[in-house]
Amino acid sequence: MLCPQESTLNVDWDFKQPFLELNRILEALHEQDLGPALEWAVSHRQRLLELNSSLEFKLHRLHFIRLLAGGPERQLEALSYARHFQPFARLHQREIQVMMGSLVYLRLGLEKSPYCHLLDSSHWAEIRDTFTRDACSLLGLSVESPLSVSFASGCVALPVLMNIKAVIEQRQCTGVWSHKDELPIEIELGMKCWYHSVFACPILRQQTSDSNPPVKLICGHVISRDALSKLVNGGKLKCPYCPMEQNPADGKRIIF
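Residue numbering for the sequence shown follows the UniProt record's numbering, starting at 1 and increasing by one per position.
Source of the hints: derived by calculation from the structure; they are not laboratory data. Incorrect hints may appear among the rest.
What the hints assert, rightly or not - Pairwise CB distance ranges, derived in the manner of DEER restraints: (1) L51 x L108: 17 to 25 Å; (2) G35 x I164: 47 to 55 Å; (3) C239 x G140: 40 to 48 Å; (4) C193 x R66: 31 to 39 Å; (5) Q32 x E73: 17 to 25 Å; (6) C219 x G35: 43 to 51 Å.
All C-beta atoms in this analysis are idealised placements derived from N, C-alpha and C, irrespective of residue type, glycine included.
Model the full assembly from the supplied sequences, consistent with the hints where possible.
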């Protein structure tokens, strides 16, 4: 892989910064440092909740387990830290009960108790995977490779397309599906396969494409490029949604 200097590409800092931050946090997790990840999770709490993410709870749980591993000397510190579980009590009540129950065996040693699974090192691999998955979701990126995502999406979509193809052929209406870049029906792939938005032109009532991309006018309204061409009159364009008159060349293509 070429570095920016070798490829002579100028990568904007605003684009690089989130990835540099995520790499820094992952490196800290590899060193079993939970601090940076916790700060990140707290600062993105609302968006993580919208994803139904349990990342912040898992980070607090792992920190609590580290305190338990410190033995009886850190019992009071562990009890004090348990207050962080309060916001998660409704969704993670059972897991919280297990952790609090482990305190009974702290003096005898957790490794010889029914709670020895709490000390399993696999929790660190799990938290790295959870962080990577949720962080990529917030950035609109796939954790999986593009090939595996395409294959999985195809496995979901193909049976539906085969059924609609059979219906079209049976009813002898093959001309209905004439657009190569547009499916005849909507296929639900789930949120995990959503990586970009789709825009439909409000003027022509058509979905935009590479050959007819969305264009933002200087007034802020968005239409398709074909609609823009049709609205030009005497070298000027009047926005269909506001009284602003503008030069058609001022329209900027939008890439979702």
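Checklist entry - Going through the earlier hints one by one, which of them does the structure break, listed in rising order? => result Numbers 1 and 3, in rising order.
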